[in-house]
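Please work from the sequences and hints to get the whole structure.
The listed protein sequences derive, respectively, from chains A and B. When you line the first sequence up against the numbering used here, it's residues 1 to 441, in that order. When you line the second sequence up against the numbering used here, it's residues 1 to 541, in that order.
Think of the hints as simulated: they come from the structure by calculation, not from any bench. The reader is advised that the hints may include incorrect statements.
As the list claims (entries may be wrong) - So the derived label-pair ranges between C-beta atoms look like this: (1) Pro373(B) to Arg197(A): 46 to 54 Å; (2) Ser283(B) to Glu97(A): 29 to 37 Å; (3) Glu97(A) to Ala245(B): 26 to 34 Å.
Said to hold, decoys possible - Mimicking DMTMM-like on lysine to aspartate or glutamate, the simulated pairs with C-alpha atoms at most 25 Å apart in a straight line are: (4) Lys77(B) to Asp246(A); (5) Lys269(A) to Asp246(A); (6) Lys336(B) to Asp439(A); (7) Lys15(A) to Asp86(B); (8) Lys140(A) to Asp181(A); (9) Lys321(A) to Asp76(B); (10) Lys376(B) to Asp497(B); (11) Lys337(B) to Asp181(A); (12) Lys350(A) to Asp272(A); (13) Lys321(A) to Asp220(B); (14) Lys540(B) to Glu251(A); (15) Lys332(B) to Glu180(A); (16) Lys531(B) to Asp439(A); (17) Lys259(A) to Asp220(B); (18) Lys176(B) to Glu97(A); (19) Lys395(A) to Asp331(B); (20) Lys540(B) to Glu305(A); (21) Lys128(B) to Asp199(A); (22) Lys140(A) to Asp331(B); (23) Lys248(B) to Glu162(B); (24) Lys77(B) to Asp23(A).
To be verified - Per the computed footprint, the stretches of chain B lying under chain A, defined by three or more beta-carbons under 8 Å from a beta-carbon of chain A, are: (25) 159 to 170; (26) 322 to 332; (27) 449 to 458; (28) 473 to 484.
The beta carbon of each residue, even a glycine, is placed where N, CA and C say it ideally should be.
Below, each chain spelled out in residue letters.
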Amino acid sequence: MANLSESEARSILQKILALSRADECEVTLGGGRSANLRFARNAVSTSGASERLSLSVTSSFGLRSGSATINEFDDASLARVVRTAEELARLSPENPESVKLPGPQKYLEPARYFASTAGLTQQDRVRQTAASIGICREAKLTAAGFLEDSTGFSALANSKGLFAFQRSTGVDFSITARTEDGTGSGYALADFNDASRLDAAAVTRIAARKAAMSKGARAIEPGKYTVILEPAAAGTLIDLMVGSMDARSAEEGRSYLSKAGGGTRQGEKLLDERVRLYSDPLHPEVPGSKWTQDGLPQRRIDWFEGGVVRNLRYSRFWARKKELSEDKVALGGGPTIMDGTDTSLEALIKGVKRGVLVTNLWYIRMVDPQTLLHTGLTRDGTFYVEDGEIRHPLKNFRFNESPVIMLNNLEALGRPTRVKGSLIPPMVVRDFTFSSLSDAV
Amino acid sequence: MNRRHFLHSSTAAAGSLILPHWKLAAADLAAREPMPVSAKKALADAALNAATRAGATYADVRIGRYLRQFISTREDKVMSVVSTEDYGAGIRVIAQGAWGFMSVDQLTPESIARAAVEAVAIAKANSKLQTEPIQLAPQKGVGEVLWRTPIKKNGFQVPLAEKVDRLLSANAAALKAGASFVNSFLGLVNEQKYFASTDGSYIDQDVHRIFPQFQVTATDTKTGRFQTRASLSAPSGRSWEYMDADPKGKRPGITPRYTHSYDMIEDAALAAEQAKAKLSAKSVVAGQYDLVLDPSHLWLTIHESVGHATELDRVLGYEANYAGTSFATLDKWRSKKFQYGSSIVNLVADKTEPGSLGAVGYDDEGVPTKSWPIVKDGILVDYQKTRDQAHVVGQSASDGCSYSQHWSDVQFQRMPNVSLQPGKKPLTPEEMIKGVEKGVYIIGNGSFSIDQQRYNFQFGGQLFYEIKDGAIVGMLRDVSYQSNTQEFWNSCVAICDQRDYALGGSFNDGKGQPPQSSAVSHGSATTRFNKVNVINTARKI
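Written as structure tokens, this is what we have:
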């Protein structure tokens, strides 16, 4: 039931639109099946599957609107969710920032659905996990990890005649291997839309190698260091920076992209000239959604090019307010893509005279939205590099750093890899600020 | 838009139908009459029987209807009003010694029985990866019982206009006091949960939570600088009565702080003045300071450095791949000598405190709730446990710490309320400050980060006041403090008394894979920690 076909989804959406008495009505329907296997202490811990289907109705009368969601699909429940949305709309004050719903749209067709993922069984999950645990057990390591896959759809329709449907699949695997005495820990992860590309054993071997290498970590003084950030370490900070590019906040003077005296820093060179950051729904490694939150087509958007701020993210209201055509501004977004080079991580390390190799960063939180200063810690594999060689493991550090400063201090970029849905290269960055040591392993 | 304004505009649009509309909406938002307990029992029995027939040695089923309402505003506008409703069941089983779980959102006796059989099949497949069978601490069935959050005014039944009006009035107060921008938000949650297990428990619970919050921004266009101040409210295990602005719920001081009742309008007006003051506040000089931490701030430090560190699943390694493990290892606990904090530090785990987010009658595996010490006179004495963990530490009963965010997610060990007990000697924050030579008084929670074993942490706040020679001399900005959990709690030298005790909390505490959210409170009175490392967080980009 949870994975509906396009015609089944259309039929439910049309039923809702027929029940609507509002001036405008938008309906979204989403659902699917997800399954996971979680393991720890070299054994399965929790594991299960879930099927869900959810319907959301937004009704508007003039400038008033209200939303309601439900997951029951009998006629009485469908009528009730429409009535609730309409009552909420009638009772809400007018919102002058409301925008009219879009009419029918033409969308790009990202390849996000793979039968290989949709066909996974519990036996497949058990087989991949058993391989992972086997490698760790043989290396006298303790494995904890997570394998999850999902197959789902989403559909959108509105009273202006718009209808859209998309299906997607995804699989994620991550593994933390720890030495039995708890003094070493290594981490690796992989995620794909196509499950046939997942090799849990290969991912596990990376984590296992790092765990063994990270035993006996030594402390060095906190301070500013050249760092080699693996994609998993760099990715979150970069995503947070790209996620803070709202045009309205910048113009309101409450963003790192606000300019003293008013206005924004769009068009300014803010980062190293090698930095190109964009999103592209058709990128084969990180295919995006067909539509934006507003139902408009997702398209390629350049965020930074040559280190220059190319676009800020607009809402439809803010584009209207600034009298900008919706097709001339960035309304959506999608997975972050950062260009790199063909240089391998190993070659990047070779080029570093003295520095710190960082596998992963953890508990990253904003400290100051004015500068995008973030804090967090290194985790699961931090190593001292000298004359291009990994010399010894290091105790973990707390950092306080802004991705804006980090991408200004760029030394070198490597080959991009997909991590957590984004495509990020490993990179060498000078003067990365470590502010204290952590005893955590 | 002020209250009268909003009522006027609603009335103008809805005409004479406004009152009936309110009633209609209220009825809809409270959903239909909850499903009769007898119907839930019949569905639960269908699942339990099917699981048992398929080979489960234990099974539980949670049938849930989850209602949520969110209202978000900015300045004089309502940005969205969303009401969600979600209904379904999750079935968890043990078969061949392993856990299996399946959820289903179309509830008939047939569909729930099919899901139960599938959960058993998953458990059997998983058993190939099992090294030792799951051991559950015994739990006698409690029969058919009922528990409800003792709310006084159901927020779902309060007219939408009243709720919107409160938010817009708070915004108006902030703007009048000079805020450049203000965003406010109200979240209401009602979990209608029915639990049944093969132990013979049939538990019907109706759980409520509320969270009003705002963020005020003051900008200085000339310099391009901006500062924010977030609300000093706490998410609460109450409903609309929390918004009553009862004067008895207020603790006086340099800025009012709140306990069982919140005055959102007063707080918003002060927030605007304080955000503006932060723009010209002195940037802190990094160094060691004595910290005086208000309950509206300290709750988060307790949460991160004690709450998470004493979760037994983390200690054992079950969270190693995501949330992390813990420095509070079994050997430290077994020694009965591990000095977690100074001798005045007493931290109690609790699932019963009225008004707290963790308060329920029974946890999500049917265990009656209770309170128990975690750190006693500074010594680590216990952990937080579920039924499948108690045997690991040689105990024969769960602490009642099982929770799932939703019927479609499997339950696992989640944090109870963990609270610092107030000092036994009479002491007010003002008296405490008088004894501080060089310090910072911190109110409200801000940025927060801690390592995966809960040693090294860094916290910000909302309001920072410099203390010199026993007096507050002005406001500071760019303040964060860094410490190590054990050093920090051992630097605790004074705790104010019960009169200053208040709960803070997290509406959305994340843990697990796939991540699940839970709500948890942490109480304390204002507390002093000596010689903590304060850093300056100002940067230029």
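Evaluated hints:
| no. | hint | in the structure |
| --- | --- | --- |
| 1 | Pro373(B) to Arg197(A): 46 to 54 Å | holds, 50 Å |
| 2 | Ser283(B) to Glu97(A): 29 to 37 Å | holds, 36 Å |
| 3 | Glu97(A) to Ala245(B): 26 to 34 Å | holds, 29 Å |
| 4 | Lys77(B) to Asp246(A) | holds, 19 Å |
| 5 | Lys269(A) to Asp246(A) | holds, 17 Å |
| 6 | Lys336(B) to Asp439(A) | holds, 22 Å |
| 7 | Lys15(A) to Asp86(B) | holds, 20 Å |
| 8 | Lys140(A) to Asp181(A) | holds, 10 Å |
| 9 | Lys321(A) to Asp76(B) | holds, 17 Å |
| 10 | Lys376(B) to Asp497(B) | holds, 17 Å |
| 11 | Lys337(B) to Asp181(A) | holds, 22 Å |
| 12 | Lys350(A) to Asp272(A) | holds, 22 Å |
| 13 | Lys321(A) to Asp220(B) | holds, 22 Å |
| 14 | Lys540(B) to Glu251(A) | holds, 19 Å |
| 15 | Lys332(B) to Glu180(A) | holds, 18 Å |
| 16 | Lys531(B) to Asp439(A) | holds, 20 Å |
| 17 | Lys259(A) to Asp220(B) | holds, 11 Å |
| 18 | Lys176(B) to Glu97(A) | holds, 22 Å |
| 19 | Lys395(A) to Asp331(B) | holds, 22 Å |
| 20 | Lys540(B) to Glu305(A) | holds, 22 Å |
| 21 | Lys128(B) to Asp199(A) | holds, 20 Å |
| 22 | Lys140(A) to Asp331(B) | holds, 21 Å |
| 23 | Lys248(B) to Glu162(B) | holds, 22 Å |
| 24 | Lys77(B) to Asp23(A) | holds, 20 Å |
| 25 | 159 to 170 | holds (count 5) |
| 26 | 322 to 332 | holds (count 4) |
| 27 | 449 to 458 | holds (count 9) |
| 28 | 473 to 484 | holds (count 4) |
When each numbered hint is compared with the structure, no violation occurs for any of them.
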